[in-house]
Amino acid sequence: MVAAADSDGALAGKGGAVTVRAPIPLFRKPSVIPGFGLTLGFTLTYLSFIVLIPLAALILRSSSLGWGGFWSAVTTPRVIAAFEVSFGLSFAAALTNAVFGFLVAWVLVRYDFPGKRLVDALVDLPFALPTAVAGIALSALYAPNGWLGKPLNELFGLKVAFTPLGIAIALTFIGLPFVVRTVQPILQDLPAEEEEAAASLGASRFQTFRSVILPAVLPALVTGFALSFARGVGEYGSVIFIAGNMPGLTEIVPLLIVIKLEQYDYAGAAAVGTAMLGVSFLMLLILNLLQQWMRSRHAR
Amino acid sequence: MSLRRLTLLAAGLTLAWLGVAAADSKDALLNVSYDPTREFYVEFNKAFAKKWEAETGRALTVRQSHGGSGKQARSVIDGLDADIVTLALGYDIDAIADAGLLPKDWQSRLPNNSAPYTSTIVFLVKKGNPKGIKDWNDLVKPGVQVITPNPKTSGGARWNYLAAWAYALQANGGDETKAKEFVSQLLKNVPVLDSGARGSTVTFTQREIGDVLLAWENEAYLSLQEFGADKFEIVVPSLSILAEPPVAVVDKVVDRKGTRKVAEAYLQFLYTREGQEIAAKNYYRPRLPELATQYAGRFADVKLVTIDQFGGWRAAQEKHFSDGGVFDQIFQKGR
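Quick note, the sequences are listed as chains S and A, same order.
Residue 72 in my numbering sits at position 72 of the first sequence; the count goes up by one each step and never skips.
In my numbering, each residue's number is its place in the second sequence (first place is 1) plus 1000.
Misleading hints may appear alongside valid ones.
What the hints assert, rightly or not - Result set (BS3-like, lysine-lysine): computed pairs, CA atoms no more than 30 Å apart in a straight line:
(1) A:K1126 - S:K159
(2) A:K1281 - A:K1303
(3) S:K150 - A:K1257
(4) A:K1257 - A:K1126
(5) A:K1051 - A:K1180
(6) A:K1257 - A:K1050
(7) S:K150 - A:K1180
(8) A:K1141 - S:K150
(9) A:K1046 - A:K1071
(10) A:K1261 - A:K1046
(11) A:K1127 - A:K1281
(12) S:K159 - A:K1188
(13) S:K150 - A:K1231
(14) A:K1303 - A:K1131
(15) S:K159 - A:K1231
(16) A:K1071 - A:K1188
(17) A:K1141 - A:K1180
(18) A:K1051 - S:K150
(19) S:K159 - A:K1104
(20) A:K1071 - A:K1261
(21) S:K150 - A:K1281
(22) A:K1134 - A:K1180
(23) A:K1051 - S:K159
(24) A:K1141 - A:K1188
(25) A:K1071 - A:K1281
(26) A:K1281 - A:K1050
(27) A:K1051 - A:K1281
(28) A:K1188 - A:K1126
(29) S:K159 - A:K1131
(30) A:K1134 - A:K1303
Simulated from the structure, these hints should not be mistaken for laboratory data.
Go ahead and model the full structure; you've got the sequences and the hints to work with.
Here it is in structure tokens:
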């Protein structure tokens, strides 16, 4: 998804890319990596071992419950509450990242300032840091006696750690790089002349943003949003320390799966995992379609 | 370096590693345990290795693995090569037995239900006990924050929960409805449910959340040692539960690895005077009567109920902690 957005944006931005964009005959096109049959075969085998077989095993495991058992395993009030927490807060976190990640990307692309490379590198930190370490650090910071938690609590009466807000913060933290790193290359390729042209034609700053910048960036932004969202839904390590883990209130779906495993209920855990997978897949599909639609509109 | 050379090197390294691993498996044990036993087994392993070498002339390494009791049991079921399991609850070893790794009657193979040391649940409060917490009924008062891990994920938390339940039963003349109300009231005072005993200890001692921590007795003493008796103190309730963390040899693994003899000797050493003494020093209650009297000053005299009062672990698990059990019911209505 990222690659598609990148190359598309990059190609659209450069005039000389016409030859590549011409329709490609499926088998005649000479390619650097030889053998379509071989590469496709490898791709399918590789994907099977890394993605398809594990996921199939998950679904197979939950199928031992039967349809009725599956349904009752994933529709208990507690599971539903956890779904609301996981999906709702991931959505909120992804939305936050879409807005502020865009800003970060904008600043990194359009301005020069001392220490810019450092800031640029900092963005990737949530990728590299073990999530449990992030979780412990965040909960220590935002705990009622922590550096940030204490003033927030005393000044605004705001409790962060061990509330849904704490979960949202952890999910925002781990999702940030996805938005910045998908939007950044698009912004980089967006010629400043287009903005200048818009300005010279009398467009206001907001109009320029709305009609020139946003349409070009939006598909990448949606991709970043979707990635950040998907990451948040499955996140365990960073959330578990800051969440408080109260059933029905601050309990996330991945914790519920761990709890079921803890009771040796493998099938139940697989059922919840399958349901989560299904919902995630559906949401990513919708976002993907949305993105395609936007891109076709923009191309027009 | 050419590809061929690299392959050769890799193959050589793999062979060397296999060789080391094979030599290693001779007198090496893996003890898979739960969180708060870490310090105890470090000391115990040293003593046993010394004794084993003196008796047989063979060096011994004992590796330790710690984590939530249930998670540890699951790792063993899924193939972690544990020669020995020393877990928080009989129920977790039962699960390993259900998977066919050791016989179902494992608990009768060693004295005292295969639990060489015991412990109990006590309260850890801030120095001076500002909320005046003396007993279980102080924990249900409004405004008192109680820290305990999640019974669904922590063996220790299940002991906590059952101890509270036993107290409530006793206080209400055996009325189950009232006991449920009491425990539900207590859980309402819990602001954070960590997934393991160590997590809760950190929440209470380092994040400074809550007024009282329900903890293993040995974990509470460790906290005093670590943070100083000027910050926390231990309150012993009028009634608590006799926690019996059991131990067992994993037959399937020791027979495959040829470590049965040393593994059995290891567990028997837990029952000897020396083993019991190390346990007592680490604040586990020893079983040996003469040591129990020797270390009597160390452990508060408290009325203890046993898991038998709940009909054993399988029954307790089924009734309270399984899906839709009492714990789930408490959290389902009105929070």
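Going down the list of hints, with the structure as the test:
1. A:K1126 - S:K159: 22 Å, holds
2. A:K1281 - A:K1303: 22 Å, holds
3. S:K150 - A:K1257: Not OK: S:K150 and A:K1257 at ~54 Å, beyond 30 Å, violated.
4. A:K1257 - A:K1126: This hinted pair is violated, its Cα atoms lying about 48 Å apart.
5. A:K1051 - A:K1180: The hint is violated at about 49 Å.
6. A:K1257 - A:K1050: Holds - the C-alpha atoms of A:K1050 and A:K1257 are around 22 Å apart, at most 30 Å.
7. S:K150 - A:K1180: 35 Å, violated
8. A:K1141 - S:K150: 25 Å, holds
9. A:K1046 - A:K1071: At roughly 26 Å apart (the allowed maximum being 30 Å), A:K1071 and A:K1046 satisfy the hint.
10. A:K1261 - A:K1046: 18 Å, holds
11. A:K1127 - A:K1281: Holds: A:K1127 and A:K1281 sit about 23 Å apart, inside 30 Å.
12. S:K159 - A:K1188: Answer holds: S:K159 to A:K1188 is near 18 Å, not above 30 Å.
13. S:K150 - A:K1231: 20 Å, holds
14. A:K1303 - A:K1131: Holds, because 23 Å separates the two Cα atoms, which is no more than 30 Å.
15. S:K159 - A:K1231: Holds, because 25 Å separates the two Cα atoms, which is no more than 30 Å.
16. A:K1071 - A:K1188: 26 Å, holds
17. A:K1141 - A:K1180: Answer holds: A:K1141 to A:K1180 is near 16 Å, not above 30 Å.
18. A:K1051 - S:K150: Given that 30 Å is the threshold and the Cα spacing comes to 52 Å, the pair is violated.
19. S:K159 - A:K1104: The given pair, whose Cα atoms are some 48 Å apart, is violated under the 30 Å limit.
20. A:K1071 - A:K1261: 27 Å, holds
21. S:K150 - A:K1281: 38 Å, violated
22. A:K1134 - A:K1180: 21 Å, holds
23. A:K1051 - S:K159: Violated. A:K1051 to S:K159 sits at ~54 Å, over the 30 Å cutoff.
24. A:K1141 - A:K1188: This hinted pair holds, its Cα atoms lying about 10 Å apart.
25. A:K1071 - A:K1281: 27 Å, holds
26. A:K1281 - A:K1050: 19 Å, holds
27. A:K1051 - A:K1281: 19 Å, holds
28. A:K1188 - A:K1126: 21 Å, holds
29. S:K159 - A:K1131: This hinted pair holds, its Cα atoms lying about 22 Å apart.
30. A:K1134 - A:K1303: 15 Å, holds
Hints 3, 4, 5, 7, 18, 19, 21 and 23, counting from the list given before, are not met by this structure.
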